[in-house]
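Protein chains: 6
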Amino acid sequence: MRVPEFVPAEAVLSGQTADVYFAHTLEILRREGLNPMATMEVFPGRSGILCGMEEVRALLSRVLPEDNREVWALPEGEAMGRREVALRITAPYQSYGLYETAIAGILAHCSGWATAARQCVEVARGIPIVSFGARHVHPSVAGIMDYSAIVGGCAGCSSSSGAALAGTRPSGTMPHALILLMGDTVVATRAFDRHMPPDTPRISLVDTFKDETEESLRVAEALGDRLNSVRLDTPAERGGVTVDLVKEVRARLDLAGFSHVRIFVSGGIDPERIVRFLENGAPVDGFGVGSYISDARPIDFTADLHEVDGRPVAKRGRTPGITPNPRLKRIL
Amino acid sequence: MRVPEFVPAEAVLSGQTADVYFAHTLEILRREGLNPMATMEVFPGRSGILCGMEEVRALLSRVLPEDNREVWALPEGEAMGRREVALRITAPYQSYGLYETAIAGILAHCSGWATAARQCVEVARGIPIVSFGARHVHPSVAGIMDYSAIVGGCAGCSSSSGAALAGTRPSGTMPHALILLMGDTVVATRAFDRHMPPDTPRISLVDTFKDETEESLRVAEALGDRLNSVRLDTPAERGGVTVDLVKEVRARLDLAGFSHVRIFVSGGIDPERIVRFLENGAPVDGFGVGSYISDARPIDFTADLHEVDGRPVAKRGRTPGITPNPRLKRIL
Amino acid sequence: MRVPEFVPAEAVLSGQTADVYFAHTLEILRREGLNPMATMEVFPGRSGILCGMEEVRALLSRVLPEDNREVWALPEGEAMGRREVALRITAPYQSYGLYETAIAGILAHCSGWATAARQCVEVARGIPIVSFGARHVHPSVAGIMDYSAIVGGCAGCSSSSGAALAGTRPSGTMPHALILLMGDTVVATRAFDRHMPPDTPRISLVDTFKDETEESLRVAEALGDRLNSVRLDTPAERGGVTVDLVKEVRARLDLAGFSHVRIFVSGGIDPERIVRFLENGAPVDGFGVGSYISDARPIDFTADLHEVDGRPVAKRGRTPGITPNPRLKRIL
Amino acid sequence: MRVPEFVPAEAVLSGQTADVYFAHTLEILRREGLNPMATMEVFPGRSGILCGMEEVRALLSRVLPEDNREVWALPEGEAMGRREVALRITAPYQSYGLYETAIAGILAHCSGWATAARQCVEVARGIPIVSFGARHVHPSVAGIMDYSAIVGGCAGCSSSSGAALAGTRPSGTMPHALILLMGDTVVATRAFDRHMPPDTPRISLVDTFKDETEESLRVAEALGDRLNSVRLDTPAERGGVTVDLVKEVRARLDLAGFSHVRIFVSGGIDPERIVRFLENGAPVDGFGVGSYISDARPIDFTADLHEVDGRPVAKRGRTPGITPNPRLKRIL
Amino acid sequence: MRVPEFVPAEAVLSGQTADVYFAHTLEILRREGLNPMATMEVFPGRSGILCGMEEVRALLSRVLPEDNREVWALPEGEAMGRREVALRITAPYQSYGLYETAIAGILAHCSGWATAARQCVEVARGIPIVSFGARHVHPSVAGIMDYSAIVGGCAGCSSSSGAALAGTRPSGTMPHALILLMGDTVVATRAFDRHMPPDTPRISLVDTFKDETEESLRVAEALGDRLNSVRLDTPAERGGVTVDLVKEVRARLDLAGFSHVRIFVSGGIDPERIVRFLENGAPVDGFGVGSYISDARPIDFTADLHEVDGRPVAKRGRTPGITPNPRLKRIL
Amino acid sequence: MRVPEFVPAEAVLSGQTADVYFAHTLEILRREGLNPMATMEVFPGRSGILCGMEEVRALLSRVLPEDNREVWALPEGEAMGRREVALRITAPYQSYGLYETAIAGILAHCSGWATAARQCVEVARGIPIVSFGARHVHPSVAGIMDYSAIVGGCAGCSSSSGAALAGTRPSGTMPHALILLMGDTVVATRAFDRHMPPDTPRISLVDTFKDETEESLRVAEALGDRLNSVRLDTPAERGGVTVDLVKEVRARLDLAGFSHVRIFVSGGIDPERIVRFLENGAPVDGFGVGSYISDARPIDFTADLHEVDGRPVAKRGRTPGITPNPRLKRIL
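Chains as they are written, first to last, in the working numbering: chain A, 1 to 332; chain B, 333 to 664; chain C, 665 to 996; chain D, 997 to 1328; chain E, 1329 to 1660; chain F, 1661 to 1992.
Check each hint, because a few of them may be wrong.
Here's a subset of chain B near chain A, in silico, CB distances under 7 Å, partners left out [said to hold, decoys possible]:
id, residue
1, E364
2, A466
3, A474
4, P507
5, H508
6, T540
EDC-like cross-link-like pairs, simulated, lysine to aspartate or glutamate; straight-line CA separation at most 16 Å [claimed, not checked]:
id, chain 1, residue 1, chain 2, residue 2
7, C, K911, C, E943
8, F, K1989, F, E1730
9, D, K1311, A, D244
10, B, K579, F, E1897
11, C, K979, D, E1233
12, A, K247, C, E901
13, D, K1311, A, E214
14, E, K1575, D, E1072
15, C, K979, E, E1542
Hints are computed from structural coordinates only; laboratory data are not their basis. Ideal Cβ placement from N, Cα and C applies to all residues, glycine included.
Please model the complete structure; the sequences and the hints are all you need to start from.
Written out as structure tokens, the structure is:
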């Protein structure tokens, strides 16, 4: 994955998004004429996949004095241990004190998403996972959520903004709305086939009106070789997608000569269900994962001062001085 | 609370943050010359406090044709039941189909935060709760998260952007960083007192260097009547803030004649711990709640078409036609 | 319910089905010239609904000497407490000692079935339950099992032999086999309608080939007013019958003007699932219950001698002498 | 074990014991002039020991046309997997459709009993298990239940009819009734010894009146070398048979010079208790198992049509066409 | 209960039994010339029944200067709350500092025993409880343990030393040893009857050699009206004493005309088993409780200085100054 | 460890501490003129570390006739299995029957303490454990409790009497009382240093007034090289001693150049917490264990007669005759 160009938002740079007490602190320090060199260490409260560091780097490179700074960090996408120092900043405190809230928040939210994505990818035995959760988060973070999912190992995502950040193309099938508006799955699938560019894969959603096996055979007969996949998204009201349903759709497609048609499964997918599908031999060719990734809890990060003008310091409960971590790389 | 002026972001209006299959759907419909009047209903997957509806209203008022639309909704901040219809849009589908992702995402994320806030407020017996979680979410949503917490019942929040949206002032005490930089809690508290405007309450953070009871008495002696509160934020490494600690600080402050000093508690607070403090008689005057609110899981919303050009429709698993809900109010 | 004419089987009367040690005992007593008046009490190991007593009565009336017997019992279909004496026989021991095995076995097996049936009936709020479990028991007891289910409160049963014992008509819809053989649900339903007598209700099984809602509408359109019910029997591989499926079938039938068509539900039904359907408002008009009733564990009965020639006796662990139970009625 | 001669009952052949809808189906097919070649597959809902196949074979050999039938099956007594096809019938449907209920019922009930018996045998380390449960089932199935227990591995059974089917002799000790009638265990044991043929083992039941150790020594002294075993059947009211009790009886018999007397244990025995006896070194020489085997839940079987006139068919949830199973043997 | 004369042991007075750091402290204070008036408060770590206070009073009355002391306490046998101050001593510290270990230890151990006894008494519905646990504790505390049990509500105890402290007579039946030595329960019971004074109740232990019911009848016949009770103490190896055993012994004694013979139950008795006996209607006339009382965990007490020469003091975690408790009475 | 000189107490020898029924038994036997040679076996109800045998040996050597006795036992401090015979006495019954209560009680109580101590020692990886629980037991057993803890593996104990029995010196630091009386930890530590002999280690208790890290540095600076250890005993009200606290104190002491100062931890220590400290790398140099050892439940012992005048006997539930145990050694 190419590193995207993160541009700090104006509201972040101005301190609008910060906890107000950092603004107070900056004002007090300025009035007291204090601007010591300070070393801040940032670590996560639980283990996971680090994400957001590139965005943090973009912010720091903008605000720290170029000739008086030293920043060390773990790389984007790395596994990190519980309470392992993931970022260490040394610079005049006034240059970055205001951004503690933003730095911790970017790392917390992005690492939460990337870690959940990785949990899915790890159990999927190479079957691609696509992030489908844009609809569960505020649109201001839909893109960065999908980007984090791809950092965590997803093969793609559904939002254009996420795909743009990750330097890829968004993945899309068709929504139930299209089929409901056109009144029939075959009609909708034919229209999709007629108007979409040839390199957009034809994936038909087959649970809207009829039984999934019947509809799968109907769209396969309608599109023939051009049909790439069917997507099963059976709602919970109908028992959700089951292992047996996938097997049966596969068997009936094969019996009818449509072995080339792949089966894509979505709807409430999480690592436990992925394991259940795979351990029971369900022939799934791809999973769409929504809320398990998008709704993942952030991994809270803590930022602590450990040196002030070369003196080891720490609040009660922490150990004064630099915490050694040979895995850190200098990034600024 | 005054209704804020929500302004739809350009990336939302352009469809950048949408699932790409909605862009595909719009293009197919346009090429097919289809733009039926369509009624979409939106409902939550679990019960909670509705939040985000004002921002959704702002988006819809911008995109729906003024003379051909009808939008009904539950009000911001209302309790909503599991699967209760919270929003119903009737308008030409092409005018709003692209925004299904954003509408669901705004409601999901904001309702998740507001609901968690409400859970804290409900058990706090009137003791004010301040939202302290900006540091756990991406700065792009720090403000809207804090706004949602206040919709849920919080008395205030720590981020300037959240306070601006909610039409209030941000709440701040002092960070550990200020004390570590100045080397002593009393010195830092005196500096705060010297430079902050008189209407900013003097709240001293008393767990940085010394035992909380000792430090509380030191800052109370230093500021006397001007001291508003002490904040206890004992880290988990030292056992966190306990019921007994609050009682002892209160007793020692009272013994020394500082009954006017209030006690504010933060650090890992959630409804269960609030209950434990209050049921065991800990004399807390305010709670700061961070990750319980900021890290709350979104409440996923589902959007379904239920009528197309006056005909009842629904996908399998849902019931065709309008779902009656007398609690809805017309908002557009 | 009319009391059926139970006729003791030859294998029972000859002692073939008995534990062989009773045959030994009889032989020893005869050789020793012993035939005391003995009182045997029979009681269940757990509470439940008593069933089988009529068949036991038929056996005893055949073997006990008419002028030297006294038999007291609880009536068929009564609730009985744990370890409550349900049957007391006083007669010369040689006349009945051989039948202890059969008496205990009839009561155990029948009471097990009746009790399970009652558990379903008790939670069904008056909605009829039909016993469908003949296929899970040996055909030698299919009839008595269904009879016991009706004693327990079922409205009917599927086996002809069970219905004959209970003095009613067997209940039947149509099997999946008929539909698979004829290739289409509507074709099979029309054939049923053509050939069955008018007083046989037309109940169509709607989960064989197509989605249940689609098929329900097809058969309703085909038979119109003559259609009595649809039966939902969705297999576990498709998530089974859910609350939401029943609601949706009802809604779609009503929308299409088929409010007179009733909904009958089968497939893995037990009291817990009946409660779930009813508490969640699923509009079910009848339940078919199979293995919950047919596979019920017998309620083991114990038979103890408590008096021999007027002397109180008992083995260790039991109390000598007659155990009073005012609920008993004399039956022979 | 020799294969018994099963003779189909008249009530089975006439369809009396069948679900009535199969009678309806047959009538409809006849009126429609349909009698296709149909392949039915039968499989169990959980794994276990297959039993009842010999009785099913007897039924099918009676009803299928000799020149137009093909039946494949797993052998009686084999382990079978969950949902593994255990029986496949190909023949004109009218010849066997009526017997689906009986076929499934025989296999379900018998396999349930055989499987429970096997569970006991598997943990008993070669110590013989005798089926004692005739008193817990309806006498119409007492024999077939005991036969199934022996198919599952039991060394014998207590009912004469079960022993007859299995080609063995019934096992019997003496009932509490004999001892209560004669008033003393030694008196009853002497009478047994006097009147029973020499090849019937002398097994004395020693918990009726006195402490088991005292009674064991009394009967051993009375019969000397002719005493084969004592049976411990202590009731639950006295704590049941415990590991320590068996050890103590053994030790006291040995101390008194009766090492040849064996110890047989009964009363609420199940695999868990067998394991506890053996793991704690209780010197048991035989177990009598009652309700654990006789009250075992049937293993429900499902029968599905998979081919009609050579065409693969299946209802939703099943895969059309023959399901390969190389373990099947042709039996007709 | 009369208050016993407690006499402090020499090893306590000399400080031999104390934690050595109190000896060090006394030496340091003497060398520094410090002997302030100090107030020590003593409270339990959990709620329970206070016991040991009389022994503590005896110790303090011996060591505190008569003209310069004030001691307040809860009375012996009172219920005390968790962390409720149970004892407050004000005196020159050198006079009592050495005895903190002994004071806390006496209260802890005795209150543990008394509390366990009370738990038995509370559920026993007036049926007397006798403390039988002397054999589970070191003989140096056997007497004080039994005394504490009686303070907790027991009707008596088995040790002579405990009875002496409590001003009562020890309760005794007969041990298994007597019966084993004499070879028969009736022989032993007759010997007991022959040699014991008439006012010692004849209680026969009936589980040594024969079944309890048989033995009960034998001893009742042997002693007739002089038999006061039978004691059931069935070992765990024989299933322990069960509800049904007690009922059966009662029934068989009554049938034989021995209604005056009472039933005393021992062996692993605890509150849970007492409840089970009584809720199931077992006609028990007395319980012997051993390890539940004797092995009870001590209720740890904490001793804190709260005032030194009139100044409120406390260590971290405690509140300085006197803790008000209106329930305290002045005892010295 | 040297074997201490146990001297039987007068109250034991006189039978005062015995269950009174042994006194009765002795009187009956004397009056009957019975004094058979009897063999008694004593075994524990659960596995553990045997303790108290030396004290029992002292008692038996005093009371048994020297020329007519044989006593076999497991050695003090050995592991013993559940129900393994740990002591076998053969002598005229009248010489020892009265002491069954004392023998069982000594073994039960002492083995309970020794076993709990061993559980701590086993998980402590060589870090010394000191018994601190004298304050939780009656002073009459404070010494024997501490002796048992040392038999179980403790490195020392706090009571003078325990140390005397074990032939070692008592371990002591300083109590909170000393610090509260002198008003400051440094002042108290300096006084301790001034007055205690040079070979008493200087261990300062650092949680009384100030934060533990601050106080540790203060006392280290005050005593320099003479400071042996700091003791952490943080009360539960302040979260207890945590892993992180120990690490932080160590780090701050090291940073300040006090690497020689050791860290001793006390307060609610048990095996589970020891494991947690060690598995999480807390640099603890010693543990003080109080109630886990002192409040341990006794391990109940049972004493049974197995031979009388050479005849094997036993009560029901036990096996007559000597129980072989090759691990026993002859001790008298």
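For the hint on B:P507, just tell me whether its beta-carbon gets within less than 7 Å of chain A.
holds, 5 Å
Within 16 Å, alpha carbon to alpha carbon, are A:K247 and C:E901?
Roughly 10 Å between the alpha carbons, so the hint for A:K247 and C:E901 holds.
If you draw a straight line from the CA of F:K1989 to the CA of F:E1730, is it 16 Å or shorter?
holds, 11 Å
Close enough to count: is the Cβ of B:E364 nearer than 7 Å to one in chain A?
Because about 6 Å separates B:E364 from the closest Cβ in chain A, which is inside the 7 Å limit, the hint holds.
Straight-line Cα separation of C:K979 and D:E1233 no greater than 16 Å?
holds, 11 Å
Hint validity - B:T540 Cβ closer than 7 Å to any chain A Cβ
For B:T540, the interface hint holds, since the closest Cβ of chain A sits about 5 Å away, which is under 7 Å.
Taken at face value, is the distance from the CA of A:D244 to the CA of D:K1311 at most 16 Å?
holds, 13 Å
Between D:K1311 and A:E214, is the straight-line Cα distance small enough, at 16 Å or below?
holds, 12 Å
Verify the interface restraint on B:H508: the C-beta must sit less than 7 Å from at least one C-beta of chain A.
holds, 5 Å
Interface hint status, B:A474 versus chain A (Cβ within 7 Å)
At about 4 Å, which falls below the 7 Å cut-off, the nearest Cβ of chain A leaves the hint on B:A474 intact, so it holds.
Are the Cα positions of C:K911 and C:E943 separated by 16 Å at most?
Given that 16 Å is the threshold and the Cα spacing comes to 13 Å, the pair holds.
Next pair to validate is B:K579 with F:E1897; report whether the Cα-Cα distance is within 16 Å.
holds, 10 Å
Consistency with the previously given hints fails for number 14 only.
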